[in-house]
Amino acid sequence: MASSSLPPVPPAPAPKPTIFSGLLHACRGGLIGLVELVPGVSGGTVALVLGVFDRLIASANHFISGAVHLLFRRDRAGAARKLAPVEWNLILPLVLGMFLALVVLSRPLHAFVENYEVIASALFFGMVSASLVVPISMARAAGPTTPAGRFTGPFLVLLTAAAAFMLLGIPALQIEEPSWWILILSGAIAVCALALPGLSGSFLLLTFGMYEPTLAAVSNRDLGYLALFATGAVLGLASFVRLLGYLLRVRRRAVLLVATGLILGSLRALWPWQENSALLAPGDAWMGPLAACLAGAGVVLILWFGQTRAAAAAYKSSS
Numbered sequence: 404m405a406s407s408s409l410p411p412v413p414p415a416p417a418p419k420p421t422i423f424s425g426l427l428h429a430c431r432g433g434l435i436g437l438v439e440l441v442p443g444v445s446g447g448t449v450a451l452v453l454g455v456f457d458r459l460i461a462s463a464n465h466f467i468s469g470a471v472h473l474l475f476r477r478d479r480a481g482a483a484r485k486l487a488p489v490e491w492n493l494i495l496p497l498v499l500g501m502f503l504a505l506v507v508l509s510r511p512l513h514a515f516v517e518n519y520e521v522i523a524s525a526l527f528f529g530m531v532s533a534s535l536v537v538p539i540s541m542a543r544a545a546g547p548t549t550p551a552g553r554f555t556g557p558f559l560v561l562l563t564a565a566a567a568f569m570l571l572g573i574p575a576l577q578i579e580e581p582s583w584w585i586l587i588l589s590g591a592i593a594v595c596a597l598a599l600p601g602l603s604g605s606f607l608l609l610t611f612g613m614y615e616p617t618l619a620a621v622s623n624r625d626l627g628y629l630a631l632f633a634t635g636a637v638l639g640l641a642s643f644v645r646l647l648g649y650l651l652r653v654r655r656r657a658v659l660l661v662a663t664g665l666i667l668g669s670l671r672a673l674w675p676w677q678e679n680s681a682l683l684a685p686g687d688a689w690m691g692p693l694a695a696c697l698a699g700a701g702v703v704l705i706l707w708f709g710q711t712r713a714a715a716a717a718y719k720s721s722s
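Okay, so the sequence shown: first residue is 404 according to the working numbering, each after it adds one.
If you are wondering where the hints come from, they were derived from the structure by calculation, not from laboratory data.
Among the hints, erroneous ones may be present.
Ranges between beta-carbon positions, derived for each pair [to be verified]:
| hint | residue 1 | residue 2 | range |
| --- | --- | --- | --- |
| 1 | Ser-582 | Asn-518 | 53 to 59 Å |
| 2 | Gly-709 | Val-506 | 16 to 22 Å |
| 3 | Asp-457 | Ser-642 | 18 to 24 Å |
| 4 | Glu-520 | Arg-654 | 35 to 41 Å |
| 5 | Cys-430 | Thr-549 | 19 to 25 Å |
| 6 | Arg-510 | Leu-426 | 21 to 27 Å |
| 7 | Val-637 | Leu-503 | 18 to 24 Å |
| 8 | Leu-626 | Arg-655 | 35 to 41 Å |
| 9 | Arg-645 | Thr-549 | 16 to 22 Å |
| 10 | Ala-715 | Ala-470 | 33 to 39 Å |
The structure displayed is predicted, hence computed values, not measured ones.
The beta carbon of each residue, even a glycine, is placed where N, CA and C say it ideally should be.
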């Protein structure tokens, strides 16, 4: 992966909060929440493309540390120190945008995916395919590659992609009335997938038979169901995000290569022509799906190149 000619994305300093930046973060959160409703598309991948992934993970780690100090150690001063680095101007509008997208857009998106299944799959296939450019360029920017790493890097990507490809081929289970512990476990799994690029929380829920009940609970405002699901999400966030933050600090390149493999393997779930997890050849009406695929890829590449240029400009002006 190190020989890629893609330009690395320099780390941009956190901008000063403005009304415009708040609205922009809310729109970013809306995009992340929107794609989390689609099986096979990862919110973490969208966060990478939009350039907020590292900041989200760092802020989540600081928030969790502050919550631990406050709730379990009763240390208000320590909690305040841990919470000080949290980018609230990013987190709050982003979470609000995600929430609004989940509540407002769940029904129309579900109808779009149901009524135009092949077109929708092709659109998301193109978006996810194009998003591969992001972790590849970030892995290249993570540091120099050793001669051994030039072999182990591609091997790690292919191994992870193969594992994801096989996992996504497992037939979906059917759970009509999930018990309370299944709801908590589902919430934990979904939020872990949200934090890791390439892993779709919605598709994991679909595999475990929990996608339809959860989407119905969101659409019908089933507060009891959603409260248990949110409890699991909080528990999963508190454990997995801290681990991911640590790995990004000490094994950043390896994490990004794993994310690349997960994104590559997740394309199986988005192949437009399939039946009962079996992949089929394109049908006669392939022009429409191809156009949707190219359109999705174009949107992602435009967003990524725009984010890259903005980050480079901010880095240059701050140096």
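Status of each hint after checking the structure:
no.: 1; hint: Ser-582 with Asn-518: 53 to 59 Å; result: violated (32 Å)
no.: 2; hint: Gly-709 with Val-506: 16 to 22 Å; result: violated (28 Å)
no.: 3; hint: Asp-457 with Ser-642: 18 to 24 Å; result: holds (19 Å)
no.: 4; hint: Glu-520 with Arg-654: 35 to 41 Å; result: holds (38 Å)
no.: 5; hint: Cys-430 with Thr-549: 19 to 25 Å; result: violated (40 Å)
no.: 6; hint: Arg-510 with Leu-426: 21 to 27 Å; result: holds (24 Å)
no.: 7; hint: Val-637 with Leu-503: 18 to 24 Å; result: holds (20 Å)
no.: 8; hint: Leu-626 with Arg-655: 35 to 41 Å; result: holds (40 Å)
no.: 9; hint: Arg-645 with Thr-549: 16 to 22 Å; result: violated (28 Å)
no.: 10; hint: Ala-715 with Ala-470: 33 to 39 Å; result: holds (35 Å)
In the structure shown, a violation is registered for the earlier hints numbered 1, 2, 5 and 9, in ascending order.
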